[in-house]
Amino acid sequence: MKARIAALQFFKRGLFAVAGLASFWLMLQPKAFAQAPVPAVLVQAAELKSLSRQNDFIGRVEAIEKVELRARVSGFLGPRKFVDGDRVKAGQTIFEIEPEPFQALVDQRQAQLESAKAALENAELQLQRGKELGRTNAIAQSQIDQRVSDQARAAAAVKEAEAGLTDATIKLSYTKILSPIEGRIGRAAVTPGNLVGPESGVLTTIVRDDEVNVLFAVSQREILDARRRGVDAGQIKVRLKLADGQLYDDIGRLTFIDVSVDAKTDGQILRASFPNAKRLLSDGQTVRLILEQESEAPSVVVPQAAVAVDQAGSYVLVVTPSNVVELRRVKAGLQRDGATAIDAGLKPGEFVVVQGQQRARPGQTVVAQPITR
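The numbers in our numbering rise by one with no breaks, and the one at position 15 of the sequence shown is 891.
Just so you know, these hints were derived from the structure itself, not from any lab. The beta carbon of each residue, even a glycine, is placed where N, CA and C say it ideally should be. Possibly wrong hints are sitting among the right ones.
Listed below are the simulated DSSO-like cross-link pairs for lysine-lysine, each with C-alpha atoms no more than 27 Å apart in a straight line [stated by the list, open to error]:
hint: 1; residue 1: Lys1117; residue 2: Lys957
hint: 2; residue 1: Lys1113; residue 2: Lys1154
hint: 3; residue 1: Lys1117; residue 2: Lys1154
hint: 4; residue 1: Lys925; residue 2: Lys1117
hint: 5; residue 1: Lys1223; residue 2: Lys1207
hint: 6; residue 1: Lys1052; residue 2: Lys965
hint: 7; residue 1: Lys993; residue 2: Lys1047
hint: 8; residue 1: Lys1154; residue 2: Lys942
hint: 9; residue 1: Lys1154; residue 2: Lys965
hint: 10; residue 1: Lys1052; residue 2: Lys957
hint: 11; residue 1: Lys925; residue 2: Lys1207
hint: 12; residue 1: Lys993; residue 2: Lys1035
hint: 13; residue 1: Lys1117; residue 2: Lys942
hint: 14; residue 1: Lys1223; residue 2: Lys925
hint: 15; residue 1: Lys965; residue 2: Lys942
hint: 16; residue 1: Lys1035; residue 2: Lys1047
hint: 17; residue 1: Lys1047; residue 2: Lys965
hint: 18; residue 1: Lys925; residue 2: Lys942
hint: 19; residue 1: Lys1007; residue 2: Lys993
hint: 20; residue 1: Lys1047; residue 2: Lys942
hint: 21; residue 1: Lys925; residue 2: Lys1113
hint: 22; residue 1: Lys1047; residue 2: Lys957
hint: 23; residue 1: Lys1007; residue 2: Lys1035
hint: 24; residue 1: Lys1052; residue 2: Lys942
Derived DEER-like restraints, expressed as beta-carbon distance ranges [claimed, not checked]:
hint: 25; residue 1: Gln1122; residue 2: Asp962; range: 23 to 29 Å
hint: 26; residue 1: Lys942; residue 2: Lys1154; range: 17 to 23 Å
hint: 27; residue 1: Lys1052; residue 2: Gln984; range: 17 to 23 Å
Modelling step: build the complete structure from the supplied sequences, incorporating the hints.
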């Protein structure tokens, strides 16, 4: 019985202690709320500067000059005169087809020409004699006419022999396959000793790579927008981004806009030219193009992180000189390199919240800390 009474008294004392702690916490609670810290945010002043308009496209590198070398006569291929990947000069011999059969044909055609010329010379002498004899009626007119005909046939035979010699000489020249351009040569598709001819296909390819073109497709919407804004091709800078994400050193220029639109894609092909002194660009390579228009009129610019969007549109949180947060509806424009142009709703010098928006509410007082860049 005594133990039960002691336990009951202990329980009552515990209740009183809990009640006391609860009362003490309730007395402190308003004071705790009153001393809650003011939220801190990072802000940055809106600036007045120019942003260049940019558009990105995917393009493919194309050699300005590209030649596929083929055999124009049939014959056995001799030793090649290059190493795969070499730089070759215009007029340099690349392949040689055995020339002996073609040289023999040239010699034969030359002999035929000499024979035809001798026959023509004899026919002209016979005609001249016939005309002299005809003045004294020593021979019939029919014989003179025959000699005229013989002279004409001999002259025609000379022309035929000359054409045959020219044809044989041309074919002989085809036994040497020359490079028509200066550039870098690819691998050989046929090895020496094989029989080649016009049906053999491409023997090797030569490309000029000191300068390249890049072809890319642009939609009609983008072309119409540029034309309505009066954009001139000379005002546009073209940059390349390579496969490793690095920007190409040289700036390109637009050199051509196709005269027709692709009916399947509704796009139009544009061409940009780039110097390629370091040979970083190769024919067929895929690259990313960045078309940058010259800077437009200055506008109010803020960090892109400061602009938020809800169902009503774009807005920023502005911190007033009295450190009160204000929600400001704005009209966002161009975006580039982490910055957004504000076309309406904000003035230069006004501070916008760039970090801590989740802690700031419109009408709330905050501690504004200018961001250091």
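Do the hints match the structure? See the list:
Proximity of Lys1117 to Lys957 is assessed by CA-CA distance (about 37 Å); at most 27 Å being required, the pair is judged violated. For the suggested pair Lys1113 and Lys1154, the alpha carbons sit about 20 Å apart, so the restraint of at most 27 Å is met. For the suggested pair Lys1117 and Lys1154, the alpha carbons sit about 15 Å apart, so the restraint of at most 27 Å is met. With a C-alpha separation of about 26 Å, the suggested pairing of Lys925 with Lys1117 holds against the 27 Å cut-off.
Pair hint Lys1223 plus Lys1207 holds up; C-alpha atoms about 12 Å apart against a cutoff of 27 Å. For the proposed pair Lys1052 and Lys965, the alpha carbon gap of about 15 Å is at most 27 Å, so the pair holds. At most 27 Å may separate the alpha-carbon atoms for a hinted pair to count; Lys993 and Lys1047 meet this at roughly 23 Å. With a C-alpha separation of about 18 Å, the suggested pair Lys1154 and Lys942 falls inside the 27 Å cut-off, and the hint holds.
Between Lys1154 and Lys965, the direct Cα distance comes to roughly 18 Å. Compliance with the 27 Å bound is thereby established for this hinted pair. Of the pairs offered as hints, the one joining Lys1052 and Lys957 holds, with about 10 Å between alpha carbons and a cut-off of 27 Å not exceeded. Taking the CA atoms of Lys925 and Lys1207, the gap is near 16 Å; set against the 27 Å cutoff, the hint holds. Distance check on the hinted pair: Lys993 and Lys1035 sit about 9 Å apart at the alpha-carbon level, within 27 Å; holds.
For a cut-off of 27 Å, the pair hint linking Lys1117 to Lys942 stands: about 24 Å separates their Cα positions. Taking the CA atoms of Lys1223 and Lys925, the gap is about 12 Å. The hint holds against a cut of 27 Å. Restraint check: the Cα-Cα separation between Lys965 and Lys942 comes to about 14 Å, which is no more than 27 Å; the hinted pair holds. Between Lys1035 and Lys1047, the direct Cα distance comes to roughly 18 Å. Compliance with the 27 Å bound is thereby established for this hinted pair.
About 23 Å separates the Cα atoms of Lys1047 and Lys965, which keeps this hinted pair within 27 Å; it holds. With a C-alpha separation of about 45 Å, the suggested pair Lys925 and Lys942 falls outside the 27 Å cut-off, and the hint is violated. A C-alpha spacing of about 21 Å is found between Lys1007 and Lys993, which places the hinted pair at or below 27 Å, so the restraint holds. Of the supplied pair hints, the one linking Lys1047 and Lys942 holds, its CA atoms being roughly 24 Å apart against a limit of 27 Å.
For the hint linking Lys925 to Lys1113, the alpha-carbon distance of about 19 Å falls within 27 Å, and the restraint holds. Simply put, Lys1047 and Lys957 have alpha-carbon atoms about 20 Å apart, close enough for the 27 Å limit, and the pair holds. With a C-alpha separation of about 25 Å, the suggested pair Lys1007 and Lys1035 falls inside the 27 Å cut-off, and the hint holds. Simply put, Lys1052 and Lys942 have alpha-carbon atoms about 19 Å apart, close enough for the 27 Å limit, and the pair holds.
The hinted range of 23 to 29 Å is satisfied by Gln1122 and Asp962, whose Cβ atoms lie roughly 28 Å apart. The hinted range of 17 to 23 Å is satisfied by Lys942 and Lys1154, whose Cβ atoms lie roughly 20 Å apart. Checking the proposed 17 to 23 Å range against Lys1052 and Gln984 shows it holds: the Cβ atoms sit about 20 Å from each other.
In this structure, the hints that do not hold are numbers 1 and 18, in rising order.
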